[in-house]
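Q: Now that you have both chains on their own, put them together as the hints suggest.
Chains as they are written, first to last, in this note's numbering: chain X, 1 to 284; chain E, 1 to 427.
No lab work stands behind these hints, which were simulated from the structure alone.
Beta carbons: idealized from backbone N, C-alpha and C, even for Gly.
You can take every hint at face value.
Derived DSSO-like pairs: lysine-lysine, alpha-carbon spacing no greater than 30 angstroms straight-line:
{"no.": "1", "chain 1": "E", "residue 1": "Lys320", "chain 2": "X", "residue 2": "Lys171"}
{"no.": "2", "chain 1": "E", "residue 1": "Lys267", "chain 2": "X", "residue 2": "Lys172"}
{"no.": "3", "chain 1": "E", "residue 1": "Lys12", "chain 2": "E", "residue 2": "Lys331"}
Per the computed footprint, the stretches of chain E lying under chain X, defined by three or more beta-carbons under 8 angstroms from a beta-carbon of chain X, are:
{"no.": "4", "stretch": "177–186"}
{"no.": "5", "stretch": "300–311"}
One-sided and incomplete, this derived list gives chain X residues near chain E with beta-carbon spacing under 10 angstroms:
{"no.": "6", "residue": "Glu165"}
{"no.": "7", "residue": "Ala167"}
{"no.": "8", "residue": "Arg173"}
{"no.": "9", "residue": "Tyr177"}
{"no.": "10", "residue": "Pro181"}
{"no.": "11", "residue": "Ser182"}
{"no.": "12", "residue": "Leu183"}
{"no.": "13", "residue": "Asp187"}
{"no.": "14", "residue": "Ser246"}
{"no.": "15", "residue": "Trp248"}
{"no.": "16", "residue": "Gly250"}
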Amino acid sequence: MTPENSAHTLFLTATIVYAAAMAAYFLYLFKQKETLQNRAFGLVCAGTALHFTGTAFSTFAMGALPAHNLQQTLLTAALALSSVFIILKQKFNLKILGLFATPLIVLMMSWAMVLPDTAPAGDPFLRGTTFLKGFWLTSHIVLIFAGEAALALACGAGILYLIQEKAIKEKKRGFFYKRLPSLDLLDSTSYISVITGFTMLTMGLITGLIYAKTVWGSFWQWDPKEIWSAVTWLIYAALLHGRLTSGWRGKKSAMMTILGFAVLIFTFFGVNMLIGGHHQTFTK
Amino acid sequence: MSDITLIGINHKTASVELREALAFTDEEIPRALMELKRSGHAKEVLIFSTCNRMEILFIPGHQNGVEAIMDFLVQTKKIPGEKFKQALYTHKNHQAVKHLFRVASSLDSMIVGEPQILGQVKSAYRKTVECRSSGVILNRLMHKAFSIAKKVRRETGIGDSAVSISYAAIELANKIFSDLNQRSVMLLGAGEMAELAIEHLISHGVTQIFVANRTFKNAVKLAEKFNGVAISFEERIDLLARVDIIVSSTGATDYILTATHVGKALKLRRYRPLFFIDIAVPRDIDPAINKMDNAYLYDIDDLQEIVSDNMDERKKEAMKGERLVEEAVIKFQEWLDNLDLVPTIVAIRNKIETITEMEAYKTLHTLNLKTEEEDAIKRMLQSITSKIMHDPIRFLKDTGCHRNDSFYISAARHIFNLDPLNGEDAH
Chain X
1 MTPENSAHTL FLTATIVYAA AMAAYFLYLF KQKETLQNRA FGLVCAGTAL
51 HFTGTAFSTF AMGALPAHNL QQTLLTAALA LSSVFIILKQ KFNLKILGLF
101 ATPLIVLMMS WAMVLPDTAP AGDPFLRGTT FLKGFWLTSH IVLIFAGEAA
151 LALACGAGIL YLIQEKAIKE KKRGFFYKRL PSLDLLDSTS YISVITGFTM
201 LTMGLITGLI YAKTVWGSFW QWDPKEIWSA VTWLIYAALL HGRLTSGWRG
251 KKSAMMTILG FAVLIFTFFG VNMLIGGHHQ TFTK
Chain E
1 MSDITLIGIN HKTASVELRE ALAFTDEEIP RALMELKRSG HAKEVLIFST
51 CNRMEILFIP GHQNGVEAIM DFLVQTKKIP GEKFKQALYT HKNHQAVKHL
101 FRVASSLDSM IVGEPQILGQ VKSAYRKTVE CRSSGVILNR LMHKAFSIAK
151 KVRRETGIGD SAVSISYAAI ELANKIFSDL NQRSVMLLGA GEMAELAIEH
201 LISHGVTQIF VANRTFKNAV KLAEKFNGVA ISFEERIDLL ARVDIIVSST
251 GATDYILTAT HVGKALKLRR YRPLFFIDIA VPRDIDPAIN KMDNAYLYDI
301 DDLQEIVSDN MDERKKEAMK GERLVEEAVI KFQEWLDNLD LVPTIVAIRN
351 KIETITEMEA YKTLHTLNLK TEEEDAIKRM LQSITSKIMH DPIRFLKDTG
401 CHRNDSFYIS AARHIFNLDP LNGEDAH
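Looking at chain E on its own, in the form it has when it is part of the complex (with noise of 0.2 angstroms):
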């Protein structure tokens, strides 16, 4: 029997601590593939390790297989197992699926929705795949784990809001202006929060951004790096009439934006929106702006409203997300019964059977023989075909050491042509 295993631990369940002393580099991780496989603990097995999370997925090589991995990773991480035991989650089988699929599908992360994560589960794949840790049960399952995955992204709304303050001012942007990258954006100050913004406005377009500061030597230095234009922190007055985007982030304790700025400003460029982003606290920006045409402001609380209602939108549709997951579960436990050993036997016999009952009808029904002719060569069809069938059977019973059965059956499956390719398999 194979038994789907995944054990791990998330950040859920763990600490950041406990998560850096049990991850994998990208280095270890083919060492510690081929060495589960060459000790026989498992089969097939496959390491995800994120900042987030580090599961390893198996088909245990014997009965022992949980306990040899845990002892395993004692050995490679050098940790105590004490450590780490409570912090561990152990699946099988369904759930063990069900676990993988909705990490794929984002499900699990810390920020639901976020779209990393199938690519750090596919580029684990690709470990396992060069390492030639995988097997049929792996492939399927992490072929149909990327599918679900797509699917969960393409039919929820999972990750179509923003939900980071910067990437809130981005959406927003792009609901004023139709063309971002003819755009060009004036940063005030610095910080963490802005300089994110600017970035997210550079990778949808813009390419004119102006940095201005009261330290006229840090807003030479932010220019450099944003590949733009330092100018006095005075100059910010009159270059409002000619950038698009403001984005306002200076520890100022007075408005150094007023509505009357901005009214001379709207007039010099004849009404071209502008929109203006404060995040800073104290706010930089005069609230009045936003009741003049034309000119939208939104400031830090604004922005982290729409945040919030994003996530509880993505709560919403990650319950659909849940049940996609469920469906392609149950259907991945019906292949994964298939290949069992009894059904795929039952099935070959079946099919042959079937056949040589058809065959036997077309020709004996136009031969008018008597009974006992007849049974005599229906006697003779059975045995051709128990005959035939006694070698490959025999093959597929015979369990021999440290055979990988799971892909004997799939192959016999195959040869057979026992599932045949339904739409979704296709691909």
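Looking at chain X on its own, in the form it has when it is part of the complex (with noise of 0.2 angstroms):
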């Protein structure tokens, strides 16, 4: 078998062993037994194993981190993902996150999954796989991602606390109420995650500032990803900003999370989908 070969029984495998454990967070949601949720961050953890498995494999084969066609990004986006939530889980326990990770997770593997691995295109700054060795790309690509995957729980754990506040501030103790955990708990969890994301957001983008004036001699070219990613920085920024100065939690607090996610999403595929730029050539 070729290192290509078994990196993708890797992330098949690693698909369904992902889609085990969505459907065991599900479980866990309507059955509320611990031992569901011992076993569904278990076959995360076995997943994400699997899965960083096959991108080493891939890395091997390529020589570079496999972010160059709409699969490979996909893929990795996952792993960092995955691995994000592990990290998470493990120092705040908040076990409920596994509902929003674990779906996106394996929608994201499925999408890969379908997608066929078609060769990098030929963009000129592409063309001799050494210019993606660098250390600024790899760093770039690493930090983007992790960043990314941390800003996705955000959202998640916004989402619950607004499900949360809604039973809570109107008196109706539905499904949800009796399942999640605390107001605070869950606006804690995002604000971590924010503050964690937004970190290696930034520093992702300055490595990434850094390798374009290395391949086309200036920081900044108006690219729309560019463009659009300052974007996305700015509303965190202004969201951590919100929350330092004027106590911007709770629910502005989740919203905000949620409209982050959305452009940050928008930026990640939308942007290279529909506007173009140097990107585009990673989600084709």
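A: Printed below as a string of structure tokens:
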């Protein structure tokens, strides 16, 4: 078996394991049995291990981080998400976040699995893979993906916060009220995820700018991806600023994380697909 | 024959006065147990007495066991039989087992699902064991009662949700704050329900308590009780910036906390959440506050609604509990049926015969003997078997006077390992 083949098998198995984890998380939501939650988390860890091995194989095969086409980008982003989820879960023990993280991972993985592994297009700066091996590019990819994964989790915590807040405010204790943790915990998880994500995003953008300088000779080219990245960064910066100076917490903060993530998704996929720019080739 | 019998009264059949008249105190129970055992009215006996019920569970020592126990009640409690016979229920065998299981599982309680009952049943059993008034049947029965009670609690939501106003408030607080032990609370006014809420909060870890009252003396008194700080009534508004939970129960006719007060306070506290529990009628706290971000207000009607919803929920869960109890009763009945003499003798015989047949087959089919030789050996084995079995079976059948048969039958079943331990019995 070639490394590519084994990588593909590993990704496929990982997808199935993630799907099982997702099922276990949904069962946990209904039955509220601790063992289910433990199994679900175990499955996420197993899936991530397989996923990581697969990514390692393709990195060796290609000699660079696999983020050249849409399939590879999705796979790597999903790996970042599952890893960040594992770290945050271990640190803050917010079990219910798995309910948001696993479907997102499964969605990305399944999407990647049905896409063909197209060869990287012939953009000038991609010709000759030596370009991609650079330290700045690798850091750029890793930081951006990990940061985006953390921000995805912040959005998940924000959605759960809004559901729980509504239940308590309107005094209608429905299905979720019993199952979701306290507002405090959801809010602080979201906040910590935003801080983590924002820090990584910032460093990711800086390394990206440096890389751009090495490739195109200038830091900033008014590329659509650059502009939208700046917009995303500003939204999260505003959110953190508001929280620190005027106490934007709770509902406001939750809505901002959701808005931020929506813009982030657009920057991540939308810009490449709808507008174009020098990242376009990665999502083909 | 050992009939498991249960007689008693409870909150459904008897008035408080009658329950009080028939109740046994902790000191009276050992004396009563020993008396019943000594008189021979009961072979095994347990008395369970709480403020909601008084029940006697026993294995009668003779035909008129129930009447004898009733006479005993008349004598010791000095109360004429006519007064309580109407309220007294008598359950026998599987009815009695079922009743006990339902009681232990809190399905028969005044507030279904209340958790204290199991502890009370356990302590009643402890007294029985201490007085040596339990035997094979009650021991097994009580252990099964504990395990079914735990199972009902574990597998149904019977005890999940709050069914008192003050507890419902704590449940809400836990959905807003993740760490009650780092929160502070302010009590405005006084009142049983409000104080109960404070006590619950304290048991959930809240340590910092402020008490305000229009009469400062009362505030000081209450603050002492909760180990808190008494503040003047005017200070309540400034304190909104510091405390997290406000329990209000004053006799004021106007709102004592308004949206303006809270708006200012929220800004000062940088919108850290505030939870208001308004137990007063008429209300103390402006309902408009609930519309502000990060401020949550529940009044007595809201809490009452939660309680009644939760009550309905418990009733639904109790039905699942009833099913689990039915199952446990059937299992116990099976064990009890086997504890009879005849099935035990049959089981011992079967076991020994199976062993001899197996061993005979193993040996004989390798020896190649003539048919009459084989028959002779088989006859010999049969007579060994029946001679060995003769004395033990005669012993079991001999129901000598005042002997506890179930004890010997149970011992025999253990010696011959007739009921191999399954998973559930192991612990």
